[in-house]
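First to last, the sequence lines map onto chains X and R.
Mapping the first sequence onto my numbering, position 140 (from 1) lands on 140, and the numbers just tick up by one.
Every position in the second sequence, counted from 1, becomes a number in my numbering once 418 is added.
In case anyone wonders, no lab produced these hints; they're calculated from the structure.
Just to be clear, a hint being listed does not mean it is correct.
To be verified - The calculated label-pair distances, taken between Cβ atoms and stated as ranges, are:
1. X:S44 - R:S771: 21 to 31 Å
2. R:A431 - X:D65: 34 to 44 Å
3. R:T838 - X:S44: 54 to 64 Å
4. X:E322 - R:K511: 42 to 52 Å
5. X:Q418 - R:L759: 43 to 53 Å
6. R:S651 - X:G360: 53 to 63 Å
7. X:I278 - R:H644: 36 to 46 Å
Stated by the list, open to error - Derived PhoX-like pairs (lysine-lysine); straight-line CA-CA distance at most 20 Å:
8. X:K22 - R:K503
9. R:K762 - X:K83
10. X:K6 - R:K506
11. R:K503 - X:K10
12. X:K264 - X:K409
13. R:K800 - R:K652
14. X:K6 - R:K762
15. R:K734 - R:K705
16. R:K554 - X:K35
17. X:K52 - R:K584
18. R:K503 - X:K6
19. R:K584 - R:K527
Being a predicted model, the structure only gives us computed values, none of them experimental.
Virtual Cβ for every residue (Gly too), placed ideally from N, Cα, C.
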Amino acid sequence: MIDNSKIWYKDNLELFLAKEGKTTYFEIEAPTQEKIKTRIKNASKFLDFLPKNVLYNGIESNQHDYKSPVEFFDKKILKFSDKAPELVNVAIQESLEHGASKVAGVLYFGHSETNLLTSYGNEGSYLGSSYRFTIRSFVGPESSGQGLACGRDLTGVENSLINAGTSAGEIAKMAVGGTQGTPGRYDLIMSPTVAANVLGQLFDGLNPLKILIYMSPLKYEHIGKQIASKEFSVSDDALLNEGLGSRPFDVEGTPKGKTPIFSKGILERLLQNTSTSIMDKVENTGNSIFFDFGVGTKFLAPGPSNIVVEGGDYALEEIIAESKKPTIYITSNWYTRFTNIRGGVFSTIPRDGMFLIENGEIQKPIRKLRLSDNILRICSNIDAIGKDVNQIYWWEVPTPTFIPTIKVKDCVLTAATQ
Amino acid sequence: MEIEKDLADIAVAYGSSRGASYVEARVVASRNENYAARNGVLLGGGISFSRGIAIRVLANGSMGFCSTPNLTKVGVVDGVDKALKLAKVSQRKNPIRFSEEQIVQTKWKSPVKNKFEDVSIEEKQNFLIDLDKILKQEFQPKLPTRTLLLDLYSDQKYIVTNEGSKVESENSIISTHTFNTAKGKAGGEQRMSSLGGTGGWEWIEEKNVVNQILENNRGLVKAAQHAIEKPFSKIDVIISGEVAGIIAHENVGHPSEADRILGREGAQAGESFYLDLLQNENLGEIKIGTEQVTIIDDPTRPGNSGFYLYDDECIKARPRYLIKKGMLNELFLNREYASILNTKSNAAARAISYKREPIIRMANTFFAPGNFTFEELLNDVKKGIYMKSFTEWNIDDRRFQSKYVGLEAYLIDNGEITETMIRRPVLESTTFGLLSSVDGVSKDFYSPHGDCGKGDPMQGAPVWLGGPHVRLRDIKLGGELNNRL
């Protein structure tokens, strides 16, 4: 049963202006020539009052042609709104048939046209289509499971939604009868959804601006060093057909492709745009975005497109079978917060099905534990990487992340004391 | 500048003529000015404007929503058609109904002495630059990175419904946000802190904001320099208004949201442990804390960051007594959920922009002050911890198991706050565990600013979350397993 259907029209001009080393950013909704002229005139006056931006070293000045080898747009999206309610109801029904007694979720879809023009003459455009689906199934108030689906190509979307509904229902059913988990040190199996959120804290910190203000667990001295297990290889890849962060160029017009970040656990490089690459005296990776701190003004700063964690050799079943020590399998999590971002100290809360594994088998569902650990220690303790690479993009994972199941040794799980 | 009230009126008339049983149009024009500085250097600033219309309809028992910045008659009529189409294809079995409410035609505004646009750009920038100089002067080199943000938001709004309600408003919210790192023996401490309220530029001086930020950073630097790890068995804990506020918001405010209890937020922010409590007992019959616990959400309290006098469904706002003397008393309701529960809305519907639908939100949630002075709370503690501020926090999605990590925390010995600072004490407890340990609440009051997240797409709503000092008895602290991470 659909609670609400919504549609948004967005017609935005995002403008970045630089004048004598001073910079500002603003948006114009429903732009007209008159609005644009007035706002640029006002912004130019505003710039006169600003000091020079010491972190600004220019934008892309070389001329480029942007030819994307892949398409980000599927024209089936244009008629998808007629079909969407029926697909949602089918996914709900599927989840109910696989064990759920109650289901909640959101299907979000849309299409966009992005056009770029810079004062250096770079000009480009691309079309995009997208969908993302979150479904959460419940059996009673405390047993739940989550399924996700997202992408750009609508071929097979019905199956993707059905699979998400099925998975959510099955996990919820498996979680029935869960009991309070015992706090302690365990090996941990993170589903792709959990791994994308937890390791996403590290990927968000690949931004030199965040490192400067100590908002990243990464430090410059980590570059070139082994800070993760050898199994861990990660790239930023903007040219993936299904990637929701895909784009042929960044916001200042640098062409964007694939950038290796971690190779066999060694941090190869940070993400860069023109300004930070000049500051750091390294290659521009074409990752310029309009970045903000969650509140306030936006800046030109580097940010990820699609993060891709290389898959390993193991199926989930094999990872479970190899887990002879007490191991906890977490299928979903939320509310990740840091005591100290620079030091990497954080906690996050498992939600939905969580299971205790002993002697290579799932023994029982458990509940009410919290992962309280250190992100850098988790990276260096990665023990096994699955081959089930999935794109994760939902409420708790704002950067599209292609990532498999990941097992980590010796993690701290805590619980309420009273 | 006048907002397009005529277009909202057209939307409502057109929607009614097309068969909608309910039509609501909301025109919002907002201005957002921001500055950011790092270590005394301005990183950037900007002024953005937003202007558009939100249309919400009920048709065939289903709800449809459309927003557009296209403020023309054609754009608005198209928006109504789209919202109606969405409602009609929803194929809902149980029709959505709204509670019957009083029709109002009124205006409200938050009091402003100095509008943001009337203050020079230099003065606003200099506030951040001068603030950094003060921090640097007092703390250098112990506070090596200082990130300071200033956010100035104002809006004009007009909401009209086909039932005849019309509410016009003007609101103005100012907030500062700091993210600073202090050096210390054990690697340092970090603090993200926000202050804010409704008002104009005068708020900076009237609330002595510079001194408040300075005081916050004194605590941060002291904690980084001097706090020591110390294990405790059960111990009394006195929490400040800042810590009491986050508990009121997370452990009591969120589970009191009726849409969450009834499952609409299930796939995002989650459900509520109140769902279990309300299976067998009613509001007013469920004991959730000691008699000293009264928790209120009051949007009408002057100056609070979530201030409003009428919500985004044109319902008159009033204080909501979520917990009264330890008993579960009231839930947050909008018209849809009030109808389901066969009662009236208590004006909890808020939308953060024209691009979003109104959903059930908190505004200003706090522990109600009690009868003690802070000194009286202290006097009766033989061995305890005074937790003045916090860093990391989180809570499960049923809002039952929370964790609050102390930042500035002192040992209390025989009724006196000592110079001994405790490193990162962890309150990791259930909501019952916290609220049933309260045995004293002071008369004072302090409330920081927060941005509360909910909905999909996310709506970050400005709120206050505060209270007086609160004494918790016999708390078993958590964190033994990960003190050295």
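Outcome of the hint check:
no. : hint                        : in the structure
1   : X:S44 - R:S771: 21 to 31 Å  : holds (27 Å)
2   : R:A431 - X:D65: 34 to 44 Å  : violated (51 Å)
3   : R:T838 - X:S44: 54 to 64 Å  : holds (56 Å)
4   : X:E322 - R:K511: 42 to 52 Å : holds (47 Å)
5   : X:Q418 - R:L759: 43 to 53 Å : violated (32 Å)
6   : R:S651 - X:G360: 53 to 63 Å : violated (38 Å)
7   : X:I278 - R:H644: 36 to 46 Å : holds (41 Å)
8   : X:K22 - R:K503              : violated (47 Å)
9   : R:K762 - X:K83              : violated (36 Å)
10  : X:K6 - R:K506               : holds (12 Å)
11  : R:K503 - X:K10              : holds (19 Å)
12  : X:K264 - X:K409             : holds (17 Å)
13  : R:K800 - R:K652             : holds (12 Å)
14  : X:K6 - R:K762               : violated (25 Å)
15  : R:K734 - R:K705             : violated (29 Å)
16  : R:K554 - X:K35              : violated (41 Å)
17  : X:K52 - R:K584              : violated (47 Å)
18  : R:K503 - X:K6               : holds (10 Å)
19  : R:K584 - R:K527             : holds (14 Å)
The structure fails to meet hints 2, 5, 6, 8, 9, 14, 15, 16, 17 from the earlier list, while all remaining hints are met.
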